[in-house]
Amino acid sequence: MDTFTFLNLTFMLFFSLVMVYPFVYLFVVSVSVNGTVLSNLMLNPKGISLDSYQTILGFKFIKTGFYSSVQRVLLGTSISLVVCTLTAYALSKKMMPFRTLLTMFMVFTMFFNGGLIPSYLLITNLGLIDSIWSLVVPTLVPTFSMLIMRNYFMSLPIDLEESAKIDGAGDWRILFQVIVPLSKPIIATVVLWEMVYHWNAWFDSMIYIRSADKQVLQLVMRNIVLSGQLNDNTFIANALTPEKLKAATIMIATVPIICIYPFLQKYFIKGIIMGSLKG
Amino acid sequence: MLIPAVIYYVVIHYYPMYGAQIAFKDFRFNLGIGGSPWVGLKHFEELFSAPSFRQILTNTLLISFYKLIFGFPAPIIFALLLNEVLQSKVKKIVQTISYLPHFISWVVLGGVFIQLLSPTSGPVNLVINFLGIESIYFLGDNSWFRGTLVWTSIWKGIGWGSIIYFAALAGVDTSLYEAASIDGANRFHKMIYITIPSMVPVITIMLIFAVAGVINDDFDQIFNLYSSAVYQSGDVISTYVYRKGLVGSEFSYATAVGLFKNIIGFVLIILTNQIAKKYSEYSLW
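Sequence lines, in order, name chains A and B.
The numbering of the first sequence is our numbering, which starts it at 1 and goes up by one.
The numbering of the second sequence is our numbering, which starts it at 280 and goes up by one.
Don't take each hint at face value.
[Stated by the list, open to error] Okay, the calculated beta carbon distance ranges per label pair:
id : chain 1 : residue 1 : chain 2 : residue 2 : range
1  : A       : Y67       : B       : N408      : 18 to 24 Å
2  : A       : K60       : B       : A329      : 40 to 46 Å
3  : B       : W423      : A       : M96       : 25 to 31 Å
4  : A       : D213      : B       : L340      : 50 to 56 Å
5  : B       : L410      : A       : F111      : 41 to 47 Å
6  : B       : I372      : A       : F6        : 36 to 42 Å
[Said to hold, decoys possible] A short list of chain A residues far from chain B (calculated; beta carbon distances all over 10 Å):
id : residue
7  : M12
8  : N151
9  : I187
10 : I207
Just so you know, these hints were derived from the structure itself, not from any lab.
For clarity, every value in this text was computed on a predicted model and none was experimentally measured.
Ideal Cβ positions, reconstructed from N, Cα and C, are used throughout, including at glycine.
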């Protein structure tokens, strides 16, 4: 094998290690026995102990956070998916009046918006503060995903719809019985994008949600990691080092993503490719 | 036929409206949006004369420029290099690993990097100390903070960013490579004369987005990594708006700042698109 290939492969190996190392490190820290000094590269845990996980998982706000996050993921994803599909389908029809105008209208919002303060005021005025709707409604239509869906619909052969029409099907039927079954890859992609977005979102929860027991998991995580405390009962008294707890917290926040990731990443990628090459 | 669209047009009509309409009413609220007096451009005057404004604008632009110079080519180079790997299993595995950081939120990554880069207990500084150099306060030292922002964002984004380039690479006609081999071209010739030119359309579009986005900043990243110690080098427009606006309740002023940023961003994207149209055949619209 020639020099270049050798160097390239070495580089790729090094690269992969760099990508993966932060997670390995934290995992090791989170399972190490108490009192281990954090003074090395942490590649092997010095004894395994799961007490940091027990502590964290027993913490009340982790449970409520998890519940809020799941609630938001389910609600947000399902509603956004339905609205997105309907809009994308409508905009994919060439005979749709005002089509270009409407499309530009929606795309415009990708480049320009009122800003943080006006959005905050709007949510306040709508009375959505401290409600789960404040997390779901602002991103009701995922514009980018909608565009990709629209492009996908546009690429489906028109004869399918025409033959359905000849058979007497109306628009809604065509949508649900012809188009949707054919669009499984793109729907899967959009669903996954939405789920990841909602799972990771934390800032809106921070500014719109007041009650501590309605905060989403990522925000609860953030509070733990940054302040090093678990609010009311500070378990830190039991000689569990803060770093260990933080590491366990981070692991818990990341694990769901890492779990579904290998199985679903091909859908994510397909979606991007489909969207970018056509759009 | 129109009904689905019309119903959802109304629902979605509201969605951009809250962005666009409120933006123009923002100048006049102290008590309620409609009833507040017009203050015209007062907030903008205040904005431009504030000494801290220079600082945040500089930070925003500098950080974006650094990210552009280092972060824009990174995924391209990565895609080119990985494309040369012939063992497809290795290629797939490396690719999969490379996308992973993109899906982790900055909340989590903030915690990760705060620990990893810690001057006292972090492994990075451990290695640095081992080499005989004093600990570096990556996240606490103004002279290191911007660099840290750039490199951590590359770490997070290189894999995901390379997807588009991989897609472009996959679309290159393989017979071109064969013909080049016959003519005696080596790997590098092929890259320079075939691969890169065929990626030009994609690169142009990505570059348009990147340059137009120079006034934008990654609030998520900076908010999770910064602290008052590094405001001098790391405070950018959106973090400033957040602190002044939501924390400090200076609503109208913060909105003016935010609007300033949005308008510039908007103008930039139109400009860069025009330039791209003029000099090449590729543009956004």
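### Task
With 10 Å as the threshold, tell me whether I207 (chain A) passes as away from chain B on beta-carbon distances.
violated (6 Å)
### Message
Given a hint of 50 to 56 Å, does the C-beta separation of D213 (chain A) and L340 (chain B) actually sit inside it?
### Response
Violated, at about 41 Å.
### Message
Confirm or reject: N151 (chain A) is not an interface residue toward chain B, with every Cβ-Cβ distance exceeding 10 Å.
### Response
Fine: 14 Å to the nearest Cβ keeps N151 (chain A) off the interface.
### Query
Could one say that the CB atoms of W423 (chain B) and M96 (chain A) fall in the range 25 to 31 Å?
violated (53 Å)
### Task
Run the C-beta distances from M12 (chain A) to all of chain B and say if the shortest one exceeds 10 Å.
At about 5 Å from chain B, M12 (chain A) fails to clear the 10 Å cut-off, so the statement is violated.
#### Entry: I372 (chain B) versus F6 (chain A) beta-carbon gap, inside 36 to 42 Å or not
Given a distance of about 18 Å, which is not inside 36 to 42 Å, the answer is violated.
### Query
Does 18 to 24 Å hold as the CB distance between Y67 (chain A) and N408 (chain B), or does it fail?
violated (44 Å)
#### Entry: Non-interface claim for I187 (chain A), where every Cβ of chain B lies beyond 10 Å
holds (16 Å)
### Task
For L410 (chain B) and F111 (chain A), compare the CB-CB distance with the range 41 to 47 Å and indicate the outcome.
holds (46 Å)
### Task
Using the beta carbons of K60 (chain A) and A329 (chain B), state whether their distance is inside 40 to 46 Å or not.
Hint holds: Cβ distance 43 Å, inside 40 to 46 Å.
Of the numbered hints listed earlier, those contradicted by the structure are 1, 3, 4, 6, 7, 10.
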